[in-house]
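Given the coordinates of chain A, work out where chain P should sit on it, guided by the hints.
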Amino acid sequence: MKDFLLEKILRFFEPIGAFVLMVSKGFRYMFSSFRIGDTLIQMDLIGVGSIPIVFLASIFAGLDMALQFEVVMAPYGARALLGKVVTTSIIRDMGPVLASLVMSARVTAGIASELGMMNVTQQIDALRVMGVDPVDRLVAPRLAAGLVMMPILSVAGDFLALLAGLGISVAVGHVPSPLFWSGVRDALTAQNLTNAFLKPLFFGFILTSIGCHYGMRTTGGAYGVGRSTTKAVVASAVWILISNFLISKLLINIWGLSS
Amino acid sequence: MIRFENVSLGYTDRMVIQGVNLEIPEGKTMVILGDSGSGKSTLLKGVLGILQPQEGRIEVNGANVGDLDEDDLLGYRQRIGMVFQEGALFDSLTVGENIGFWLWEHTDWSDAQIEERIRTLLRFVGLEDVIDRRPDELSGGMRRRVAIARAMAPQDPLVMLYDEPTTGLDPFTSRSICDLIRQVQREFRVMSLVVTHDLHDAFRVGDLFSFIHDSRVILTGDRTVIEGSDDPFIKTFLST
Numbered sequence: 000m001k002d003f004l005l006e007k008i009l010r011f012f013e014p015i016g017a018f019v020l021m022v023s024k025g026f027r028y029m030f031s032s033f034r035i036g037d038t039l040i041q042m043d044l045i046g047v048g049s050i051p052i053v054f055l056a057s058i059f060a061g062l063d064m065a066l067q068f069e070v071v072m073a074p075y076g077a078r079a080l081l082g083k084v085v086t087t088s089i090i091r092d093m094g095p096v097l098a099s100l101v102m103s104a105r106v107t108a109g110i111a112s113e114l115g116m117m118n119v120t121q122q123i124d125a126l127r128v129m130g131v132d133p134v135d136r137l138v139a140p141r142l143a144a145g146l147v148m149m150p151i152l153s154v155a156g157d158f159l160a161l162l163a164g165l166g167i168s169v170a171v172g173h174v175p176s177p178l179f180w181s182g183v184r185d186a187l188t189a190q191n192l193t194n195a196f197l198k199p200l201f202f203g204f205i206l207t208s209i210g211c212h213y214g215m216r217t218t219g220g221a222y223g224v225g226r227s228t229t230k231a232v233v234a235s236a237v238w239i240l241i242s243n244f245l246i247s248k249l250l251i252n253i254w255g256l257s258s
Numbered sequence: 000m001i002r003f004e005n006v007s008l009g010y011t012d013r014m015v016i017q018g019v020n021l022e023i024p025e026g027k028t029m030v031i032l033g034d035s036g037s038g039k040s041t042l043l044k045g046v047l048g049i050l051q052p053q054e055g056r057i058e059v060n061g062a063n064v065g066d067l068d069e070d071d072l073l074g075y076r077q078r079i080g081m082v083f084q085e086g087a088l089f090d091s092l093t094v095g096e097n098i099g100f101w102l103w104e105h106t107d108w109s110d111a112q113i114e115e116r117i118r119t120l121l122r123f124v125g126l127e128d129v130i131d132r133r134p135d136e137l138s139g140g141m142r143r144r145v146a147i148a149r150a151m152a153p154q155d156p157l158v159m160l161y162d163e164p165t166t167g168l169d170p171f172t173s174r175s176i177c178d179l180i181r182q183v184q185r186e187f188r189v190m191s192l193v194v195t196h197d198l199h200d201a202f203r204v205g206d207l208f209s210f211i212h213d214s215r216v217i218l219t220g221d222r223t224v225i226e227g228s229d230d231p232f233i234k235t236f237l238s239t
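Protein chains in written order, with numbering that gives the first Met the number 0: chain A, 0 to 258; chain P, 0 to 239.
Just chain A, with the same shape it has in the complex (with noise of 0.2 Å):
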């Protein structure tokens, strides 16, 4: 019984030890041999690949918000706001949130999928028996571009969200132009921008390293390598949310209640 249990416990602890030990040896060889090469490649995949996706659905989601704060705001006649609060909803949660979420269903599956497939057909073996060690040469170069590319495409997408929001605050709302742009000049707070920010980088490593946890993990052929892949969708966007709360408490206890 003693046994049952402690097997039980370890076969818990065991996914948990195994991502913490890539996932250091990731970041010390980001630092101990940087393949420029390999982190280019995965920041054009990871980052330049994702650029329609993401852009695409911050737009529509600055135009939804624009829409649906100019509903509630109209009755009381506080449209001239709507720069201000289109800006802050969108730079403190939902561009970083709604970015990630549309790179967790590409990225991570892409990465859980391509590192799947790489292990079920022993390529990764191969790289062990060649004297390379997969995360140096797989994991190190992913969770770079992701640190990298997340945050570039989190705030580029924000600005879109902003002149969606901006289009339909003109065009529906008849807010002035400068009216707008002030609201959003008052919403850059250093509190803000710190969303901006830090919570895309937390995502964008996020994002990484549980596609290459779940990849590096695969087994079972083609099966196996499509529960993995779903697996670590489900699990990168569960996360993002769980750490965007984690985060989001975290900075007003820090800044304050404060925009």
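Certain hints may be false.
[Claimed, not checked] 30 Å max Cα-Cα, derived BS3-like pairs, lysine-lysine:
1. A/Lys7 with P/Lys44
2. P/Lys44 with P/Lys27
3. A/Lys230 with A/Lys24
4. A/Lys83 with A/Lys248
5. A/Lys7 with A/Lys24
6. P/Lys44 with P/Lys234
7. P/Lys44 with A/Lys24
8. A/Lys1 with A/Lys24
9. P/Lys44 with A/Lys230
[Unchecked claim] Stretches of chain P that chain A covers, calculated by requiring three or more beta carbons in the stretch to come under 8 Å of a beta carbon on chain A:
10. 15-25
11. 84-93
Hints are computed from structural coordinates only; laboratory data are not their basis. Treat the numbers as computed from the prediction; the structure is a model and nothing was measured. Quick reminder that beta carbons are idealized off the backbone N, C-alpha and C, glycines included.
Same frame as chain A, but now just chain P:
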């Protein structure tokens, strides 16, 4: 020399190989035979240090693989040429890049020197004209040949390991792969360990043979010893 001393290998929930004693002399090829799931490939993982023995020791040229830490293992594996079951070529790289991979990673050779080495190896395996192709453009037999060339990229591999090198190939292609394995052993005098369940291929490439059944080695010897065995499992294996 590769020496297995009372080696037991397996995973946390099950033991795959138990109490194995084997010796592969310099320059010889040993073939591990047995039915599917008998643990033949597990022995290769032991030699590579991917699996550490739960009991016993695996020595390669006097060094105990179990004593090597992670960094030592990376260095040690650079001297081992491994040919995986389906080739395990990197599908994002061309044939040339697959073969040159080890050299780009571990030497400071110029690109011209590496390309020369790649071409020499491709000539050796009879595939010089596929250097720029991707692995998915190759037939099964061609992929095995490229995998053998890639495994030989280090100038002086200590050991060549082959995991089911002819599985899934037609008889003609299987024979050509066996001839190539023999040619590698003859020309480079490396120790080779071949895992297969195909008796005809085993006799084509091997000097020594070892049968695994029920997690244990039941007989080791040359072809005469194997063919003269009274063991019911071996007799059945030989007659099929």
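Hint check results:
Taken as a hint, the A/Lys7 and P/Lys44 pair is honoured in the structure, with Cα atoms around 26 Å apart against an allowance of 30 Å. Simply put, P/Lys44 and P/Lys27 have alpha-carbon atoms about 19 Å apart, close enough for the 30 Å limit, and the pair holds. With a C-alpha separation of about 23 Å, the suggested pairing of A/Lys230 with A/Lys24 holds against the 30 Å cut-off. Taken as a hint, the A/Lys83 and A/Lys248 pair is honoured in the structure, with Cα atoms around 21 Å apart against an allowance of 30 Å.
About 26 Å separates the Cα atoms of A/Lys7 and A/Lys24, which keeps this hinted pair within 30 Å; it holds. The straight-line distance between the Cα atoms of P/Lys44 and P/Lys234 is roughly 28 Å, inside the 30 Å bound, and the hint therefore holds. At most 30 Å may separate the alpha-carbon atoms for a hinted pair to count; P/Lys44 and A/Lys24 meet this at roughly 23 Å. With a CA separation close to 33 Å, the supplied pair A/Lys1 and A/Lys24 exceeds the 30 Å bound.
For the hint linking P/Lys44 to A/Lys230, the alpha-carbon distance of about 28 Å falls within 30 Å, and the restraint holds. For a cut-off of 8 Å, the count of residues in the region 15-25 of chain P with a CB near a CB of chain A stands at 0, and the three-residue condition is violated. Under a criterion of three residues with beta carbons nearer than 8 Å to beta carbons of chain A, the stated coverage of the region 84-93 of chain P is upheld, 6 such residues being counted.
Checked against the numbered hints above, the structure breaks hints 8 and 10 and satisfies the rest.
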